[in-house]
Amino acid sequence: MAEVYLNGKFVGEVENPVEFREKIVAERRNNKMDNNLNVMFNSEDGNLYIESNKGRIRRPLIVVKEGKALLTETHIKQLDEEKLNFSDLVKQGIIEYIDAGEEENLLVAFVEEDLTTAHTHLEIAALDILSLCSSLVPYGNHTPGARLSMGSKNQKQSVGLYATNFPIRMDMDVNVLYQPQTPLVRSIMHDVSKYDKHPCGQNLVVAVIDYKGYNMDDAIVLNKASVERGLGRCAYFRPILADELRYSGGLMDEITIPDKEVKGYKSEEDYKFLEEDGIIFPEAKIKEGDVVIGKVSPPRFLSSLDEYNLSLNTKRESSLSLKHGEAGIVDLVLLSENKEGNKMVQVRLRKQKIPEIGDKFTSRHGQKGVIGLVLDQADVPFTASGITPDLIFSPHGIPSRMTISHLIELVGAKTAALSGRYIDGTTFNSEPESELRKELLAHGFKENGTETMYNPKTGKKMKAKIYVGGMYYLRLKHMVSNKMHSRATGPVQLLTRQPTEGKAKEGGLRLGEMEKDTFVAHGASLLLKERFDSDRTIVPICEESGLAGYYDEFKKQYMSPLSKEGKISNVEMSYAFKLLLDEFKSLCIYPKIGLKTKY
Amino acid sequence: MDKVIKEYKKLLPESIIEEIKKLVPKASDAKMKKIMEAVYQEYLDSKVEAGESVGLVAAESVGEPGTQMTLNTKHFSGVAELNVTMGLPRIIEILDARKKISTPMMEIYLQKPYCNGKDIKKIALSIKETKLGEIITEFAISIAEQTVEFTINEKRFADLDVEFKDIKDLIKKTKKVPSCTMKQKENVITLTAKEDGDIRKLYEIKESLKEVVIQGIAGITQVLPVKRGNEYIIITAGSNLKKILAKEFVDPTKTNSNDLYETCAVLGIEATRQTIINEVSKVIDSQGLNIDIRHITLIADMMCFSGDIKGVTRYGVVKEKSSILARASFETPIRHIFSAGLTGEVDYLTSVIENVMINQPVPVGTGLPDLVTKVKTVK
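Taken in order, these protein sequences are the chains called A and B.
FYI, in this note's numbering the residues of the first sequence are 7 to 605.
FYI, in this note's numbering the residues of the second sequence are -1 to 377.
Bound-form chain A, shown alone (with noise of 0.2 Å):
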């Protein structure tokens, strides 16, 4: 006797669960039950539990039948011709949908070659082991499965055409890229998902060779001529935002161009751009420190006593304006209402970013490197029949990494190139490398994809035979241009007074705790003393009681805080000791400071 329990709760006994089981799926099969019910035996505990949830992950698998798929060509034939669809499949009972749990009691073929009569059922495609993401990688089945997530990865950081509709979306920190491509070498999954409507990367040509150590490392090579002529060249947006917030008292914020009464008021110059409405215009060139959107607000603390005083001077300046490092041209302004039905304005700025050294490309197979030189066409290398790569990728990169997908695709896309026609690389299922060879070797070219290549500068031929082909590049949207950050002196933080943290901040970089150590593991003890000079204070102390001193402004002169006659020594220290120090005091712990000569 076994349990049944239909979602988890008992709902009686059967003699033979394995038969009862093959009923109920037979039924399901003939539409007498619902398609949307799983039956699992589980022979742990003897139990049979039927699913008919909401929220479980299923998924569609061919049924098979005496080592025999149900589905036929006829029925490919009929799905061709649109007389047939997939739900009529699977009311036919040639599809059905397994979950979990059900897929335990079957023996699933992964593909058609490997069916036995102990099969009960058959992958739809071999690539359904895949994601979306991963099964855009083309030859996938060639290489490490590290580097296939990798690829997979890279390709949702790319620049492409994420919308259609970009023009009028206000997107925060998007890019667009300007002249995307299809890819040559592909995959099933690239027409299933209409990849060529929102494509994502453009099919350069690759050579693969060292060029003087510019691209080792991972890095690569770009060909200036190629970038001007419009590689990776992509456009930046992102949203600056302004609402008139309603406050207490009757109180709101104005889009104006700021009176001059106003507390902050920055200067004309900076105002320039503003129109009537307080807001800049399409198309002007800003730099950092440009107001973008003018906007006054009323104080920030409202005591009972302004409430009678409310005259224009005490409103404050809170203006937008581009932050530290910031530049564009205004692309678009909008005027809208927020939820609360309070007016609010975007302007959206646009950048053109042209690749440079240290913008981050990657292949679709995990091959990620950041530029190390844009290098003049005059001095890239170049074939026999003259060709002269967009890339230089180092040969470094492939033989611990292991990926063979990446080297097929060479192949494929010079091919493609050549033939003019594109190259099924799907994973499990793709056009044989040999093939490619072959198919190479027709257009008189070498069967290997290598090449002869020059050495521009002396015009001799290489000794070695370079290896050359078309790939399909990706320009990932980390940009030096938003990340390049440095400072000499800036601003501070107020309790601690050091250096503020973060780009954003203008902030210093940290020379931490370990940093620290190999200053005094040189004894480089000066020049440690010097790089944490950023709070460095004078504090008056007084020698009897060892406590900081205060100046007093009648007597003009620095005073003990506790005995009258104590003698008052100005002291070094940083702020951050003496704040530690103040810290002692409010646990009441007396840090007594002893001075002495230091001579």
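Derived from the structure by calculation, the hints contain no laboratory data.
Take these hints with a grain of salt, some might be off.
Unchecked claim - Heads up, simulated BS3-like pairs for lysine-lysine below, C-alpha to C-alpha not over 25 Å straight-line: (1) B:LYS319 x A:LYS591; (2) A:LYS535 x B:LYS319; (3) B:LYS252 x B:LYS240; (4) A:LYS598 x B:LYS319; (5) B:LYS31 x A:LYS584; (6) A:LYS573 x B:LYS374; (7) B:LYS374 x A:LYS602; (8) B:LYS319 x A:LYS602; (9) B:LYS317 x A:LYS598; (10) B:LYS372 x A:LYS573.
Just so it is clear, the structure is predicted and the values come from calculations on it, not from any experiment.
Once you've looked at the hints, dock chain B against the given chain A.
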């Protein structure tokens, strides 16, 4: 020649002079002088200069390769059953001076005839702790007669160096077993409880019987005779130096344990220091890393110089720091500051961390030398 050597006796360590004597048995005075001068220069060059922060360099030199170490590797010495903790966990265990280590081990070297392999298996087995429970085939408890009866597996018993009559004495000696009268009939021993008790009492007797040690040394759970170089040694899992060294077949000059506290109790602090050095080096070598032995000796010195073992923790080495600020910056700052406040401690700002905190030159390297001048007092 001897005269020249004598001259340098005060300048060079004895071991170096001995080595020179060995390498250059005969030389003229002038030549010897030249050699000695060259050696002395080399010796001075290899010395650490004043103001070098050796401790920090040692810490960095051990810490950096530590980041490359594979975590949690177990090393199997020979047979799969005997595994030893290696890698980072072992390093942490040693440097923290843990009282209880995860895999205590001994290397037992043997005296002359035995180290060539004579009776090696028998000796190894005689050390191994064997409990009564391991050789008993069945128990029989009778409530009516208040007896516990057990049968000994004769085959396994024959391997041991014990006789049947000894077992009775061994049971009597073991304090955990409640007192009772015993009867023996070949390989069957019957125990009768002295006081009339319930079944729980009998069960207690039965369970305690299993724990009776009938042969070997307590704590040694596994033995493994191996050949190292051209002599046989015994590697054990579990450690008990004191009892092992008492055995006559053991070579007490070489036998060692990897348990720091046991080594300290039996062999003293100098042996402990050497054990720290050996054990740390062993891990580093097994990981294929290369750390200069002097860094490790410095750490070992630091841990042992007081006479007790002190771990590199807030209870050990760090506790010994004189500076309050330095201690507070390591771990549990509030506790250190409060106790310093209660007792009125003074920080003389003589070390590195305090001076970094107050932004003064640290007293190492270029920060060490001071300019000394006489300040003229104006009258």
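To see whether the hints hold, each was checked on the structure:
| no. | hint | verdict |
| --- | --- | --- |
| 1 | B:LYS319 x A:LYS591 | 24 Å, holds |
| 2 | A:LYS535 x B:LYS319 | 22 Å, holds |
| 3 | B:LYS252 x B:LYS240 | 14 Å, holds |
| 4 | A:LYS598 x B:LYS319 | 20 Å, holds |
| 5 | B:LYS31 x A:LYS584 | 60 Å, violated |
| 6 | A:LYS573 x B:LYS374 | 21 Å, holds |
| 7 | B:LYS374 x A:LYS602 | 17 Å, holds |
| 8 | B:LYS319 x A:LYS602 | 23 Å, holds |
| 9 | B:LYS317 x A:LYS598 | 23 Å, holds |
| 10 | B:LYS372 x A:LYS573 | 23 Å, holds |
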